[in-house]
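Residue numbers (the numbering used here), protein chains in the order written: chain A, 111 to 283; chain B, -18 to 216.
For the record, the hints were derived by calculation from the structure and aren't laboratory data.
Where a beta carbon is used, it is the ideal one built from N, C-alpha and C, also for glycine.
A portion of the hints provided could be inaccurate.
[As the list claims (entries may be wrong)] Partial list, computed: chain A residues near chain B (C-beta under 8 Å): (1) GLY161; (2) ALA181; (3) LEU182; (4) LEU249; (5) ALA256.
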Amino acid sequence: MAEQSGNGSGSDPDIPLDPFSHAYGGRSAFASSTKPPLMHHYVPFSQSLRGYSGGRLRVDAVAGLTVAALALPSSMAYAELAGLPVTAGLYALLLPVLAYALLGSAPRVVVGPEGAVALLVASALAPLAAAGSAQYTALAAALAIAVGAVFVLARLLRLGWVADYFSQSVLVG
Amino acid sequence: MILSQLEKVTGVSSEFDNAIRAAVDIISHIGDANPATLAVGGATLGVLVLFERFLPRWPGALVVVVLGILASWLFDLQSRGVAVAGSIPAGLPSLARPHVTGSQMLSLAEPAIAIFLVSFSDSILTARSFAARHNETVDADQELLAFGAASVAAGFTQGMPIGTSGSRTAVNDSMKATSQVSGLVSVATMAVILLFLTAPIRLPAASGPGRGDRVRVAETRRRRTVAGVGPQQPS
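So that you can see chain A by itself, here it is in the shape it has in the complex:
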């Protein structure tokens, strides 16, 4: 920082660089001055806890309890809709929800087994194995990994911008 300000005042006195080097906080001039630390960047959850209070904890806890109570029967129903044992739906409420809670950038979104996806699973796996068999259950889990791989691939290709072109009316339908 001292070196930068020294350069600024030394090389060209007409252009005062001191305020700029101050704004950059000692980082290179081409790094964004608002760039958050990596932890905040990849784990938005850590950032959302800034200024967390007891009151918010109470509200969040009641909301979380309610969501779990709702998710319990519906995930079982969606698993059966997909031709899977109810455990597949219940287990999808544990680690996946935890992973999303830590990595997701939307503070209220709840992930889990869902109708449209369950129907797609059923139609995709029907020709491959008999519904309810152990092979079918294994294929559903493998399909989840494959879907996850497509998501990660899309992330690596930074395809998030595609979402800006989705029409909101798709949602209401």
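Assemble the complex: chain A is given as a structure, and chain B must be docked to it using the hints.
Chain B in isolation, oriented as in the chain A frame:
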């Protein structure tokens, strides 16, 4: 969507595709409905509406679920013909790779892309529509990463492909959740239920997936009124 819920609440289904004819069909056959199923569905809706009207700060949905579990247990609803989601198997999943062959994995590539498209578009639109109400932004690239991690986690714990639950997100939002701490609490609740509370819980299915959706319908209606958005075409 409302119609599909009507079928669940009354236990009467219609084979008509046309929405209006199906509605007329269901209502004209309401006499065939199982009275116990009808009572459970009606009571569920009634309690929700009453809570919304008189005790908006109370967690109405939570009360309904607890009441539903209690009623199912006390009155033995299953023997009266109410569809029950079934008992819950105990225990937690183990971390394991699903046993599939390489060629099977290849044949899953195409459905995986289809599920990705449906899941991603639905998720990002749900996330953005709720974020917009709180003046927040959703980073689509970060969502891709989060869903990738969540789906892979589902696959390695004997789960199934997942998406965003619009109804549960709506409930979470209407319960004023402020952060994903609510998600952590729901994971902990599920873990406790699977480990310790599996025996006593039997769930009335008619009040299962449907209830959240009804809340969502009410939510959507309110949202439209608040935002001053004109009537949109439901499908």
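Hint numbers not upheld by this structure, sorted from lowest to highest: 1
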